[in-house]
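Enquirer: Spelled out from the first residue to the last, the chains are:
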Amino acid sequence: MDPQEYQQLEQQITPPTPYVKNVLKAFLVGGIICTIGQAITYFFIIFFDFTDKTAGNATVATMVFISMLLTGFGLYRKLGQFAGAGSAVPVTGFGNAVISAAIEYRTEGLVLGVGSNMFKLAGSVILFGVGSAFFIALIKLILVSVGVLEW
Amino acid sequence: MKKMAFTLFLIPFFLIGCSNEQTIQILNESGDEEKRAEVEEMIKNTEEVYTGTAIFVEDELLVAIQVKPWLGFKERKVEKRLQKEIEEKYPDLNVVVSTDYKMHWETQKLLEEEDQKKVSEKVDKLKKLAKEET
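These protein sequence lines are chains A and R, in that order. Using the working numbering, you'd call the opening residue of the first sequence number 49 and step up by one each time. Using the working numbering, you'd call the opening residue of the second sequence number 1073 and step up by one each time.
These aren't lab readings, by the way, just hints derived from the structure by calculation. Positions of the beta carbon are idealized from the N, C-alpha and C atoms, including for glycine. No incorrect hints appear here.
Restraint-style ranges between C-beta atoms, simulated for each label pair:
id, chain 1, residue 1, chain 2, residue 2, range
1, R, Arg1153, A, Glu152, 52 to 62 Å
2, R, Lys1203, A, Pro66, 50 to 60 Å
3, A, Ala87, R, Lys1203, 21 to 31 Å
4, A, Gly120, R, Gln1188, 47 to 57 Å
5, R, Lys1200, A, Ile84, 27 to 37 Å
6, R, Arg1153, A, Phe91, 25 to 35 Å
7, R, Glu1186, A, Gln129, 48 to 58 Å
8, R, Lys1140, A, Gln52, 50 to 60 Å
9, A, Phe176, R, Leu1143, 28 to 38 Å
The following block holds chain R by itself, in its conformation from the complex:
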């Protein structure tokens, strides 16, 4: 009986892994709808990504993506590829693509932020953090 209960308890954990829907959210402060749609498409086309958040502020773009758990070892490659893709398409944008959890967490919070100045400051800070090594 105990064993049965334990097994039943574990089933949801296995089933959670089955949902494979991509969620992509974009905050656009620079007001260029075309870019927004294209970046969304680019993230969508990256198969390894299950959630992506992009923040446009002036000429800065911060893309935070989360790679599917089993493909975690490809993180760096996905990051580089997407960065290159976006940079080639928009050479005038200052792009940082990151698979870091910190970026994901902070950008999720930024989606609700109203004050554009604060968003801009935060994006600058996050970009600095993304480059930090130690």
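Only chain A is shown next, with the shape it has when bound in the complex:
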């Protein structure tokens, strides 16, 4: 059997990926997570002294806290298996990436284990997030000083 034949055979046997179904699942679960986030925002606005502008921080903290609990109890993994990107793209996915790494490397000690491995996956998110924010701010600064936009 040469490589080409093997490839053909492999393609015949592998079940087709249910793209549409996966996309729908991710859409629904991601949407539900965001709805919960929105509900928490309204909760903070209505019952505490937060405004639209300031409720965001508190909401993110709460969502990460919830995802921490779910990760610790092993429920977020199941959600991730079911929904894929739908559970990874919202901030809860980021929290999951940090916390699961922290749990995993706990046995290797606090400094060399947890400390150095916590941001293994999430570190790139932070790096590129801060980096792109810097460049966008730079572009906006240039546009404002030229006079195209206002702050």
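Once you've looked at the hints, dock chain R against the given chain A.
Expert: Only chain R this time, still in chain A's reference frame:
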């Protein structure tokens, strides 16, 4: 059958978006009817707004507006424009225009408040909140 039921279930959600009536409520504690009518007219003329609440207390004016959902990205501009308009017309009034949901919620509660002193205190507090950044 299940699909049909699901679709029927969703229809009201789409139809809710069709009502485009503006509701404007004004609480006037300073007793100047002319100002009240003009501010109401100003809010009415702002097309992007679907609900507005204005609270007059002494020389303070707090206007809470909600911008139509699809025009949310214009929020800041609408806010600024209305603020400027009112300020130009009444330079002696201390005006804050806000599109914040918090303002909308609290002013709705204030509409039923009877005690003027409480209203005044609350308006001061809300104005401080509106300026807060962190």
